[in-house]
Each structure stands twice: as structure tokens, then as C-alpha cells.
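Hints are included, so try docking the two chains, each in its own frame, into the full complex.
Chains as they are written, first to last, in our numbering: chain A, 672 to 821; chain B, 1090 to 1344.
Some clues are possibly wrong.
To be verified - Simulated crosslink set (EDC-like; lysine to aspartate or glutamate; CA at most 16 Å straight-line):
#, chain 1, residue 1, chain 2, residue 2
1, B, K1124, A, E745
2, A, K688, B, E1129
3, B, K1124, A, E691
4, A, K724, B, E1163
5, A, K688, B, D1131
6, B, K1177, A, E791
7, B, K1291, B, D1318
8, B, K1177, B, E1163
9, B, K1177, A, D794
10, B, K1091, A, E691
Honestly, the hints are just simulated from the structure, not real lab data. Small disclaimer: the values here were computed from a predicted structure and weren't measured.
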Amino acid sequence: MVVKFNLNGLDVEYVIKPGEYLLDTLRDHGVKSVKKGCDASACGVCTVLVDDKPVLSCSMLTAKVEGHRVTTVEAIQEEAAALSECFSKEGSDQCGYCNAAFALMVHALKKENPHPSDEEIRDYMVGNLCRCTGYNGQQKAIKAYLGGKK
Amino acid sequence: MKAKSFQRVSSLEEAYKLVKESPRNKIVAGGLWLKKGGAEVDTLIDLSLLGLDKIEDKKDYVEVGAMVTQREFEQSNLVPEMARAAVKAIMGPGFRNVATIGGSVYGKYGFSDVITGLLGYKVDLVFYPEAVVSLLDYIKKPGFYDGILTHVRIYKENLKAFFKKVGITALDYPILNVAVTKGKEYRVVVGSRPLVASRCEKCEAYLNEGGKDFAKAAEIAVEELKFGDSIATKGEYRKQLALTYVRRGLEEVSK
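Same shape as in the complex, but just chain B (with noise of 0.2 Å):
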């Protein structure tokens, strides 16, 4: 990566006047996409001496700092279960204490296992300066937010929960990720196809009204959603896995 400046800033709005001046001034996170994308940079801004590296529990939700690395959050006893798994599944621990949960949520990466598993909970993402996004809502509009992601909030739920990654081996990107839970309703969650993540809202509204057959919600899931061919597989494959595991799940989180 080409960058002619990095900036340890020393506070919010500093970072955010940073981020105005130059869209080639850029919030670096754990630094893995910036690499990746072989980003180049005027100022690189680095978050790591604002405090946003802890996960606290606040009562009604839990709040997750954007700095907060992919393994911490996958050890924390503070995040619900199913969201450690979806990270957990996540490449090796030396990627995982690199990738942050703020740069794996912000990215909106189409094979992204957190926000897969994210969608799955009542999320809402914290910007400075003052704005609150649920995380469904930031996925569904296109392009990002104006403002500095610093905390990523999970609403605690009582919730059962079911999250599949499907992958030819542990390091690769998922062919198709799959998340479902059952609180007072369903949510269905399919990503990686290779688009990101999107709630089957059609499927979860069949479910929600008393619909009982998992295997036609899985259909009204697929049919609902685009799937495409990537390097790795066709789009028709990731169909019938998605047919098989929403399936799946549906019926695991109704035991």
C-alpha cells in the first residue's frame, strides 16, 4: 500500500476533519483491505489511542467498539453466540488479531461472515458525528456512511440461533454464508452469494404469519434473493445450498 502520511490521531473529530479535507485520506482499521485493494493514500488514520477497543455490556444491548479486533470479539462472553461463531470461522487467530470488527462491518465485503451474523441480531451502528444507522439499513443503501463508524451496538434478545459458512477449506472465502434465529420472529440471513448479506424478508414474513414448512420458506428465500457466479462456484450451486441450509437452520432454531 502507497501512503504519504500516517496520523495516530488523538481524537474523533480530528479524525473526521482528516476525513473532509481528501477522499484519499482514509480511516485504517486493521489494515488488511487497504493491502488487499492495494489502496493508495494521502493520510493514513489510525484510531488505535481512542479508546474504541473494548466491548462493554450497557444494559439493554452490547457495545462493540470499531477497534475491537475479530478474536477479541470472537472470546468475549458479552457477545451472543452465534455472532463469536460467524467470526470464529473467519481465516486463522494471526488474520483474526489483525481484522477489526469496525473495518470487517464498515467494508460491506459481499463474503463477509460477521455481517452475516450480525444481520441475524437487532444491530445498530454508531457514527460520529451523532448519528445512529441500524446495520440493516447501512447494508441495504448503497454506497457508505458519512461519518466515523466507532461502535457497533447488539441488542440483547432471547434468541436461538443458526450460522453455517460453507467453504472449500477453512482459509477460503465462503461459497455461502447462512444465518437464522427465532426470538418473537424469525430473521433469515444469506450472504456470500457472492453479494452481501440481505435479510429474506418475503421468507421471514411466511414464517412471522404462522407459515410452518421450512422447506417452501427456504424457496420463497432463494427466489427472493440473486445469486452469482464467483471464481470459486456458480450461482445455481449457492441456490441449492442455500435451499438446503436455510432449511437446515429454520429447523434448528425451532427445536
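Isolated chain A, as found in the complex (with noise of 0.2 Å):
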């Protein structure tokens, strides 16, 4: 079957499996910012912002894209290089494979709620794994590149 979306501002057309999931499509089609790590819904690695609300990409069939737009991290450089600035000076930062799952959740939250709480942040990233850096270093940042509760 063909699916049509929007991905990263450019109309896109995709001959896809109608069990399909996101995650290998995009993937399939050179889209290797977005990563697979469990492929069961329980890591948040594969994180990619469909209509700007972040979803699963491992979860959430591709067929039901149509029409939607979906982002991924090459669609923010330079919001996620300023987080990324954040990481490093809070030393969060180790073999990289969550970051861009990590920059599109602070996107998304700084949309919905721009001046989060501790409590809000955690709230928010909590299903977004990390097995290199333990999460008060993240949490620190993100802080920091939000600017915390006004």
C-alpha cells in the first residue's frame, strides 16, 4: 500500500507493509537519527513527533501517518545543538544513541509547557531510558535550557 505524509517539511509518498511500523520505514528510507533499542514500547529511543506530540515510532503503524506530519531530529539542529551544549556542560552526555529521542521530548515539552517544574520534566522524559549517564545530570539541563519554572 502507499502511505503519504509530511516528514521533516517535505511531502513524502512511501510504498509500505500494512502492518508496518514507523520506526522501519523510516529507517528503511535513511531516516537513521531515529533508533531501534527494545522495539517494544518500553525505551523511547525511537521517539519521533507526529503532529508535534511525540509517539513511539516502534508503536504507532505507518499507515496511520497518512496525512500527518512527522518529525524527526534533522528537523531541529539547532535546538537540539543548544541542548546538546546544555548536556555536555552537565556532563549527560555518553554514547549518544537517546540523544535525539531526548532533544525531540524537549522540544515537544517546551511547546506544551515552557517553564516545567522538576517534577514536570521528570514527568515528561520518564519514558526516555538512558544506560550511560543516570538521569539527574539530563534532568539538570534540560533545566537549564528551559530556564526552569517563572
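Here's what the structure looks like:
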């Protein structure tokens, strides 16, 4: 079957299998920033945005994004670079496998809640695992990037 | 998941016809559990175009479309607070933006926080074609209703409510979940035992007939329920947790 959607500002048209998931479609078409981790809805590294909302692409049928907007980290590079600076300052960056998903989550959080509290940051990021660094550094980095609760 | 075709239907009639054509044609809500279950399907039936993604105030009840996502449900001020809290306890926003309320309820999953929370309220399920079944009856009856779940109706009641999910981490299935509400009468619900949630009817009868000893009420609740082992923990541990959290829930809603 054919599915049409907007990927990072460009209209795309892909031939897919009816039971195919968005993670596989994106990676098959060269979007390797979207990582395959658990492939079971549990780790968050496959996060993309659909109509600005974070979704686990391993669990989203590609056919269901027909007519929608899909955003990956390639579309938010300036913001990802600025967040990366904050991660570096806090020493909360190591292998980088989870970073693209973290950047997309922070981008979505900023739109939903520009000045979140510590608890609101934790609640938002709870589904995104990082096996290298623990989470305190990332929490501080995200807070520094977003400016904290006003 | 293996599927031969994906059909975005334009009416419930069309969807129902496809469901009746073959047991291998499946309604796809969020699609999460079809994948986890390794489903092999002929036709995936998508209800996205049918306007079932709204939460509406209907005077006596709040009507939640089956395709409303868990995230939309948790963020809606129309939905009672405890039901929202139960949903907010599930995984992260990336998961809850995919999972739907209809899929969560219809599946009767043993670990469901959604069902445990909702059983604390008077809730009806609306099926196409033309059936309204209480959530309690739906959960009690074995198997699945022969129809398409279109809406969940949560009746407006003035309640005090308590919800507790016990899990090792936020991303784990609950070891146990407990909901307690008190309005005109008490409702006590224990789920993830690891069986699907149940109302504790003997415990409720004790309380609604004037019983004031909450520790005794919790003992009645655990005696009437079955607790089983799973990879996460033993039934006996679940039983001890239930004793504690049912009592605490009753204390909380009786303040």
C-alpha cells in the first residue's frame, strides 16, 4: 500500500506493508537518527513527533500517519545543538544513542509547557531511557535549557 | 505484525461488516497490543476518520470516544481526576500519545491501570450496533462483546477518590493497582493481581452497611479476591500490598 505524509517539511509518498511500523519505514528510507532499541514500547529511543506530539515510532503503524506531519531530529537541528551544549556542561552525554529522542522530547515539552518544574520534566521524560549517565545530569541540563519554572 | 491489508473505514457500518466477515479482521485502536501479541491479521480496520477522538460533556456523563488517546484523556479537565491519575501512571507521553482509551478498555488487560481507575466510577460502554453495557458487567463476563466499542461514558458523581499503582519502576507493569471511591456508597477496586481488576463486593457491602473498621474491610477484600504469581512477584506479596493500600484508600476517601 502507499502512504503519504509530511516528513520534516517535505511531502513524501512511500510504499509500505499494511502492518509496518513507522520506525522501520523511516529507517528504511534513510532516517537513521530514529533509533531501534527495545522495539517494544519501553525505551523511548525511537521517539518522533507526529503533529508535534511525541510518539514511539516502534508502536505507531505507518499507515496511521497518512496525512499527518512527522518530525525527526533533522528538523530541529539548531535546538538540538543548543540542548547538546547544556548536556555537555552537565556531563550528561555519553554514547549518544538516546540523544535524538531526548531532543525531540524536550522540543515537544517546550511547546506544551515552556517553563516546567522539576517534577514536570521528570514526568515528561519518564519513558526515555539512558543507559550511560543516570538522569540527574540530564534533568539539570534540560532545566538549564528551558530556564526552569517561572 | 503481519497484515494483508489496512482499511481506513468511513462508517461504523463498514467496520462492523468487515469484523463480521472474518475473525482475522481486527479493529486497530492504537496498535500497541496487536504488535506485542504478534498478531497475524487479514485486514486492519482503522476507525480514525469516524470522529471517535472527542471528549464531550453530555450533562449527566462525560462521553469519551474510543479513539481518544490516553494522553488526551489524562489532559482533559472533563475527566474525573482519579481516572486521569490512573492513566498518567502508564509509561511515558510517547506511549500514551499512541494508546487509546477504547483499546485499553476493550482488551480487558490484567495489568490495566485504566480499567482499575474507571471501575471506581459508574461507567457504561457503548457498542455499535446499539448496545450499552456497564463496564462492571463487561469485565465480569468472560470473552469480548460482539460489537465495536465506540464510547466510554463516565457518569458525573460527587466522589472522593484514591488511586495507587505499585510498580518497580514507572515503566513496569503494575504489581498491583487499587482504586477506592466514596460518594453515596463505597467502591473498592483491586487490579493487576495479575488478573483483570475486580470490584470487591463483599468489602463494599460491609462498608455500605455501616462498617467502619477499614483494616477489617481490607481483610474482607483480600479474602474475596484471587491473587496470582507472575514474573514480577508472588501472589502472597500482592495480597499484603492490597491489605495495605485498600485500608489506606479507605482512610483517604473518608477524611
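Hints, one by one, checked against the model:
For a cut-off of 16 Å, the pair hint linking B/K1124 to A/E745 is broken: about 28 Å separates their Cα positions. This hinted pair checks out: A/K688 and B/E1129 have alpha carbons roughly 13 Å apart, not beyond 16 Å. For the proposed pair B/K1124 and A/E691, the alpha carbon gap of about 10 Å is at most 16 Å, so the pair holds. At roughly 14 Å between alpha-carbon atoms, A/K724 and B/E1163 fall within 16 Å of each other, so this suggested pair holds.
Distance check on the hinted pair: A/K688 and B/D1131 sit about 12 Å apart at the alpha-carbon level, within 16 Å; holds. Restraint check: the Cα-Cα separation between B/K1177 and A/E791 comes to about 12 Å, which is no more than 16 Å; the hinted pair holds. Using a Cα cut-off of 16 Å, the hinted pair B/K1291 and B/D1318 is violated, with the two alpha carbons roughly 23 Å apart. As the CA atoms of B/K1177 and B/E1163 are separated by approximately 6 Å, the hinted pair is consistent with the 16 Å bound.
In summary, the hint linking B/K1177 to A/D794 is supported, as the alpha carbons are separated by about 9 Å, within the 16 Å threshold. Restraint check: the Cα-Cα separation between B/K1091 and A/E691 comes to about 8 Å, which is no more than 16 Å; the hinted pair holds.
Hint check: violations occur at hints 1, 7; the rest are consistent with the structure.
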